[in-house]
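Asker: Here's the letter readout for the chains.
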Amino acid sequence: MAEIVKINIDGIALEVTKGTSILDAAKSVNVKIPTLCYHEDLCVAGNCRVCVVEVEGRKNLVASCAAPAEQGMVIKTTTPKVRRARTDIISLLVSEHNTQCTTCYRSTNCELQSLAAEYNVDSERYLSVLKPNIQVDKSSYSIEKDDSKCVRCQRCVRTCAELQHVNAITVAHKGRDMKISTFMELPMNEVVCVNCGQCVTHCPTGALTERRYYHEIWEAIGDPDKHVVINTAPSVRVALGEMLGYPVGTRVTGKMVTALKKIGFDSVLDTDFTADLTIIEEGHEFLQRVTKALKHKEKVALPMITSCSPGWVKFIEHMYPDHLDHLSPCKSPHQMFGALTKTFYAQKIGVDPSKIVSVAAMPCAAKKFEANRPEMKSSGYQDVDAGLTTREIGQMIKQSGLDFVNLPDSNYDSYMGESSGAAVIFGATGGVMEAALRTVYEVVTGREVPFKNLAITPVRGLEGIKEATIKLENVVPEYSFLEGAEVKVAIAHGLKNARVIMDQIKNGTSPYLFIEIMACPGGCIGGGGQPIPTNDEIRKKRIAAIYAEDEGMPIRKSHEVPEIKKIYETYLEKPLGHKSHELLHTHYKKRNRY
Amino acid sequence: MENLKRVDLIFGAYTNEKYKVLESTLKKSSEQIITEMINSGLKGRGGAGFLTGLKWKFTAQESEPTKYVVCNADEGEPGTFKDREILTKVPRKVFSGMAICGKAIGAKKGYMYLRGEYQYLLPDLMAELDVYHEHAKRFNHDFTIEIRMGSGAYICGEESALFESIEGKRGEPRNKPPYPTVSGVFSKPTVINNVETFVNAVMIMKYGAEEFKKLGTSDSRGSKVFSISGDTPKAGIHELELGMTLADFVAEFGDGDTKAVQVGGASGFCVPRKKFNETIIGFEGVPTGGSMMLFNSSRSMYNVLHNYLDFFEEESCGQCTPCRVGCQQLLKGIHAVKKGEKPSSYLNQLLQLSDTMKITAKCGLGQSVANSFSSIVENFKEEMIY
Ligand SMILES: Cc1cc2nc3c(=O)[nH]c(=O)nc-3n(C[C@H](O)[C@H](O)[C@H](O)COP(=O)(O)O)c2cc1C
Ligand code: SF4
Ligand code: SF4
Ligand code: SF4
Ligand code: SF4
Ligand code: FES
Chain A
0 MAEIVKINID GIALEVTKGT SILDAAKSVN VKIPTLCYHE DLCVAGNCRV CVVEVEGRKN
60 LVASCAAPAE QGMVIKTTTP KVRRARTDII SLLVSEHNTQ CTTCYRSTNC ELQSLAAEYN
120 VDSERYLSVL KPNIQVDKSS YSIEKDDSKC VRCQRCVRTC AELQHVNAIT VAHKGRDMKI
180 STFMELPMNE VVCVNCGQCV THCPTGALTE RRYYHEIWEA IGDPDKHVVI NTAPSVRVAL
240 GEMLGYPVGT RVTGKMVTAL KKIGFDSVLD TDFTADLTII EEGHEFLQRV TKALKHKEKV
300 ALPMITSCSP GWVKFIEHMY PDHLDHLSPC KSPHQMFGAL TKTFYAQKIG VDPSKIVSVA
360 AMPCAAKKFE ANRPEMKSSG YQDVDAGLTT REIGQMIKQS GLDFVNLPDS NYDSYMGESS
420 GAAVIFGATG GVMEAALRTV YEVVTGREVP FKNLAITPVR GLEGIKEATI KLENVVPEYS
480 FLEGAEVKVA IAHGLKNARV IMDQIKNGTS PYLFIEIMAC PGGCIGGGGQ PIPTNDEIRK
540 KRIAAIYAED EGMPIRKSHE VPEIKKIYET YLEKPLGHKS HELLHTHYKK RNRY
Chain B
0 MENLKRVDLI FGAYTNEKYK VLESTLKKSS EQIITEMINS GLKGRGGAGF LTGLKWKFTA
60 QESEPTKYVV CNADEGEPGT FKDREILTKV PRKVFSGMAI CGKAIGAKKG YMYLRGEYQY
120 LLPDLMAELD VYHEHAKRFN HDFTIEIRMG SGAYICGEES ALFESIEGKR GEPRNKPPYP
180 TVSGVFSKPT VINNVETFVN AVMIMKYGAE EFKKLGTSDS RGSKVFSISG DTPKAGIHEL
240 ELGMTLADFV AEFGDGDTKA VQVGGASGFC VPRKKFNETI IGFEGVPTGG SMMLFNSSRS
300 MYNVLHNYLD FFEEESCGQC TPCRVGCQQL LKGIHAVKKG EKPSSYLNQL LQLSDTMKIT
360 AKCGLGQSVA NSFSSIVENF KEEMIY
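If you read the protein sequences in the order shown, they are chains A and B.
Each step along the first sequence adds one to the number in numbering that gives the first Met the number 0, with nothing skipped, and position 132 is 131.
Each step along the second sequence adds one to the number in numbering that gives the first Met the number 0, with nothing skipped, and position 45 is 44.
Do not rely on the hints blindly, as some may be mistaken.
[Claimed, not checked] Derived coverage of chain B by chain A (criterion: at least 3 residues anywhere in the stretch with Cβ under 8 Å from a Cβ of chain A; other residues may be distant): (1) 84–95; (2) 166–179; (3) 351–363.
Calculated from the structure, these hints are not laboratory results.
Given the structure is predicted, the values throughout are model-derived calculations rather than measurements.
Where is the CB? At the ideal position from N, CA and C, for every residue including glycine.
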């Protein structure tokens, strides 16, 4: 039994479980204490000291995020002593800061800015101790790091270490020189950073941002010589609204398509199309490996692991370079899209591929790096010219001056605009697995997945590692060797959990045949390019929106999408065929651990 | 020198036979040892002055079976060099003290965290450690000691930063609670004491709490090893009974022109001449980890403060806002006032800032910057301005 303690916060008497932080206790009675280094997703650091409160009988103030409530505590959150100290602390942060809000990407969504405004701090109070000559690190295709905007809260460091187990960024030096740095202070593009962007979504200020490419895209749109195509990922449509006046969890698919058309994209297409294609390719790859292993007793790498999350792909390249053969050879959906845009699509609409600019609207920072991988040129050109984050798309829509809320809905253009509900759920953790099972099950048994309303429930939800077992019975003759087999699958999201899965594979103890891994907690809906903030409450609402979108789709299985059937008939010939290998598959690279 | 009693407890004879006190103490029960320690009224010699017996008791009470003893030999406080002397002269007493603590709390492992600059002491300490381990084995006392070298960062002397450092992490202080007695090194219940504290524990075991209590005052039991430096003809290590007034101290160690004494190093207090009579050295007055720096009238207190702030600005771990930025502001601020770039009233704002640091900083370092800052600025205001 958890022990209960009685405390009093600002005159409100309450009971909480022993060990609850004062901050959480206050939240439960709607007393809001300001914070900066605190983040729901992370362990408590207690280093900014913005959240200090007064506890009766103590000389010193206590950091409410880090201090547990104790029996009989009388807590005051807004006494003059507290306010003076807080104002002092915020003033100190400002005195160390390159306060350039007018030109800062995080302006209006910056925690330091709102604290400073809320406490109306006097910028003249202290002398500036901003370090001179701080260079912005723009070496990475995905992440920009500007130490002059850093408040040293270490949220990024904790994110990279705790959620992602990457440790690309760390604290360096001490005292006045303490800063966030990398191994040997190397530039971001030379360290193990997997470009997931989680540090960006967890950073309270403009110190870490995604590298932006939308200026170039505006230019291309304005160039009459260019044909600019954009495809939008499933998780963008359930999060974009947050930046444009909608509550969390609102689906804005139709308005988003309209807005992008009005902005001037020549064609607005759906990444879901290639998500469906991924399912067909990956599903067949999986069946091929299983057949080889179980029927022909050949040595193949099982479990097979999904490869649609480029942050995850770079992670395995760095951390488990000897196990790359477990990765599905399929490109991520938007890279398939890019390759097809400059080949199949170009042919269809009769435009010279050199004039096509292909843009991917993504929840992700890693796709920027991925687009620039040297191997991603199967069309003969750079397949994807730019990956934009949900945030950049939101910014473009704001810049366009459109009255987003009052826009009518539109449908995606074609070709490559048609898709299934199976593709939509790619956006949530477990979605790829569920989508694949919908198809694989049917191929093997000749029947629809028997789950109520198509949902394969154990694969859904925010648990770090999820498992499911699917029993195959009454299979079609081709797969008779699978009769009665129990297929064990697993889903992991957040690279910390990926490590658990990979260590099992490394030790030869993995009980699974097929694994889905997403770099970001919650999957793409919690991606590093999504609106800030992101936390579990928000993730859940975005996930709910994803599944609602799926349920509203007339087609919910990838192999039933007419355009998908057609592209195999007219262009790709067959899954895992020659053209697929050329355009839809890729290979991986062993990288160092540092 | 009748008001000032020299003592020879810490450096005095151990016993003729090696580890004799340890051997006899091991025959006592854990409760007996702890009761004796509590009765002695010994307070920690590392600075904070917590009752050592209570610390041991709290740790002994924890139900977690794995516990640790840690000896803080990081000695980084400017002007302090007494632990070095103790480790050079009587390492046997230090190891005995740790081993006795191990018995009292039920720990099987101890760490000594040795200041990086004291690397040269290592061969001798290791040799003595072999002797210790031999004897422990003979006494059937399952308690081993390992020496870990510090990295040269002052902050690693702070107990929780020290634990992080032993664990191989960056030396950053942790949030408290939990306190070390509940969750210390490797998140296990831990007693951490200063080198001198462990020596005192041995001497209490040797002579008994009653004998020990005859030294010092009711708030400050025992004697203390002082590191005396600055404008004094008698710089060096001196063991004195606690509870003397600063006037008596200056009469013995001053050069006849002492204008101020910095008691307790950079994180301690500066006492001006006019307060020498009323100031008692001890936990009832101004406590010290041992450092006593004397300044005569040729010294600029602005320079003294400047040096301290320079030190803090660099030695702060940098994690928390009030300390990291506060130290920079204090330093930059007194500079600006001195140069006339800020009005003298700015000193009041800086005093308020040092107060904010005191009540909001995460650890003792940031909290204690105000000690020297306010005591120097308030007592030597003219020197700050002109
Ligand atoms: C910044 C800082 C540095 C410290 N350095 C030392 C040190 O070098 N040696 C020491 O014994 N205690 C030092 N302390 C005190 C320790 O945190 C701790 O209180 C002490 O080791 C407890 O031992 P005691 O009870 O025997 O004094 C330091 C504290 C702070 C805040
Ligand atoms: S990080 Fe925040 S406070 Fe700093 S310039 Fe940007 S918006 Fe302003
Ligand atoms: S992008 Fe991801 S891997 Fe890179 S530093 Fe940020 S959190 Fe770490
Ligand atoms: S980069 Fe951002 S998250 Fe990291 S310490 Fe600086 S302000 Fe905090
Ligand atoms: S007070 Fe100073 S040394 Fe202590 S945690 Fe804060 S920054 Fe680090
Ligand atoms: S939010 Fe509590 S110390 Fe930063």
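Asker: The structure should be examined with respect to each hint, and the outcome stated for every one.
Answerer: Going down the list of hints, with the structure as the test:
Counting residues of the segment 84–95 of chain B whose beta carbon lies closer than 8 Å to any beta carbon of chain A gives 0, which falls short of the minimum of three for the stated coverage. Counting residues of the segment 166–179 of chain B whose CB falls under 8 Å from any CB of chain A gives 4; the rule of at least 3 is met. With 8 residues bearing a CB less than 8 Å from a CB of chain A, the segment 351–363 of chain B meets the requirement of three and the coverage assertion stands.
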